[in-house]
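Chemist: First to last, the sequence lines map onto chains A and B. What the first sequence shows, in this note's numbering, is residues 1 to 166, in sequence order. What the second sequence shows, in this note's numbering, is residues 1001 to 1116, in sequence order.
Treat the hints with care, as some may be off.
As the list claims (entries may be wrong) - Restraint ranges, calculated between C-beta atoms of paired labels, are given here:
1. B/G1070 <-> A/R67: 35 to 45 Å
2. B/Q1097 <-> A/T37: 44 to 54 Å
3. B/P1080 <-> A/H48: 25 to 35 Å
4. B/G1090 <-> A/T17: 16 to 26 Å
5. A/S66 <-> B/M1001: 26 to 36 Å
6. B/M1001 <-> A/E43: 14 to 24 Å
7. A/L33 <-> B/G1010: 22 to 32 Å
8. B/A1009 <-> A/E35: 51 to 61 Å
9. A/G42 <-> B/A1009: 22 to 32 Å
Said to hold, decoys possible - Listed next, the stretches of chain B that the computed footprint assigns to chain A, with coverage defined by at least 3 CB atoms under 8 Å from CB atoms of chain A:
10. 1005 to 1015
11. 1043 to 1053
12. 1064 to 1077
It is worth saying that the hints were derived from the structure and are not from the lab. Every residue, glycine too, gets a C-beta built ideally from N, C-alpha and C.
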Amino acid sequence: MHRQELQAYREAIAAVTGGRLHLVSGEDVDEMLSEGTELARGEAWQTHDVPQARRVIQEVLPVMDSRRRHAIALCLTEALANALKHAGGGWWQARQLGDTVRIVVQDRGPGIKTSELARATLMQHYSTKNSLGCGFTLMLYYADYLYLHTGPTGTSLVLDFGVVSR
Amino acid sequence: MLKVDVRSAGGVCRVQLDGELDMETAPQLQEVVGKLGDRTLEVDLSGVSFVDSTGLKCLLDISKEWRQKGGQMLILRPQPDVAEVIRLVGLDGLLGQDTGPAVEKGENDERSDHRR
């Protein structure tokens, strides 16, 4: 895709998600991974690694209300499920930047095709694999900001959750 | 981890779940439910703290299977976080009214416990 076309595409996706889903570059992701402090990290290559990741993250999350805690665990699960389904697995990390908890999930799969990107991220119940196709819908609902980098050498998804301590 | 408890009487089967219904445990529910022949299937989620999209897909598949057989599947008593997810993905049509335990203790004509 040409640079101008990609820019228009980025703006369209940001616009229809109310400025919450952004397509970013690999360098942007690297920068996001350097911000704040690491809470935990892990890998998921088999289904049982996913509930394990949930348990690990529940232990390191700062104090917050239980609904938010559930939302973060759910989004981590959905992002890891996508990595397992489409890339055979991947890596995750949780970071804290002030009042924000950041979840990053990365894989080295073939990436989401540009032609499928809008449907994969924005359309409810759209799935290229045999699943409900609602993982992204749930992440779009629960995360405050989502940053996606995808290409032929892998996909990175960054999810930011504002956390109000109680 | 998911505990699946099945109680069946008078054509109504109540499946009580405890734990998490996710990509790891959904096949377990699918397997247990696959052996049931009752007309009405009630899936009680009151003991379920977490359901992901794979778990939701499993519930949707079971519901379709039951409809095809001329029966129905209902989801009962989801916890608030789980109920929100069910509504978000548009499966709230599967939510049934809770009418209390389908079978009282001691009256079970069939009971099995599947623990993993």
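Chemist: Between A/L33 and B/G1010, does the beta-carbon spacing fit 22 to 32 Å?
Modeler: violated (58 Å)
Chemist: Verify the CB-CB distance for B/M1001 and A/E43 against the hinted window 14 to 24 Å.
Modeler: With Cβ atoms ~21 Å apart, the hint holds.
Chemist: Could you say whether the range 22 to 32 Å given as a hint is met by the Cβ separation of A/G42 and B/A1009?
Modeler: violated (44 Å)
Chemist: I want to verify a distance hint. Is the separation of the beta carbons of B/Q1097 and A/T37 within 44 to 54 Å?
Modeler: Since B/Q1097 and A/T37 have Cβ atoms about 48 Å apart, the given range 44 to 54 Å holds.
Chemist: For B/P1080 and A/H48, compare the CB-CB distance with the range 25 to 35 Å and indicate the outcome.
Modeler: holds (27 Å)
Chemist: Apply the coverage criterion to the region 1043 to 1053 of chain B and chain A: a residue qualifies when its Cβ sits closer than 8 Å to a Cβ of the chain, and three qualifying residues are needed.
Modeler: With 3 residues in contact (Cβ-Cβ under 8 Å with chain A), the coverage given for the region 1043 to 1053 of chain B holds.
Chemist: How about the region 1064 to 1077 of chain B: do at least three of its residues have a C-beta closer than 8 Å to a C-beta of chain A?
Modeler: violated (count 0)
Chemist: So does B/A1009 sit 51 to 61 Å from A/E35, Cβ to Cβ?
Modeler: Between B/A1009 and A/E35, where Cβ atoms are some 58 Å apart, the hint holds.
Chemist: Holds or violated: the region 1005 to 1015 of chain B covered by chain A, criterion of 3 or more residues with Cβ-Cβ distance under 8 Å?
Modeler: Coverage by chain A is violated for the region 1005 to 1015 of chain B (0 residues, Cβ < 8 Å).
Chemist: Does the Cβ distance between B/G1090 and A/T17 fall inside 16 to 26 Å?
Modeler: Distance hint for B/G1090, A/T17 holds at roughly 19 Å.
Chemist: CB of B/G1070 to CB of A/R67, is that within 35 to 45 Å?
Modeler: For B/G1070 and A/R67 the Cβ distance comes to about 39 Å; the hint holds.
Chemist: Range first: 26 to 36 Å. Now tell me if the beta carbons of A/S66 and B/M1001 are that far apart.
Modeler: The hint (26 to 36 Å, Cβ to Cβ) is violated, given that A/S66 and B/M1001 are roughly 19 Å apart.
Against the hints set out earlier in the document, violations occur for numbers 5, 7, 9, 10 and 12.
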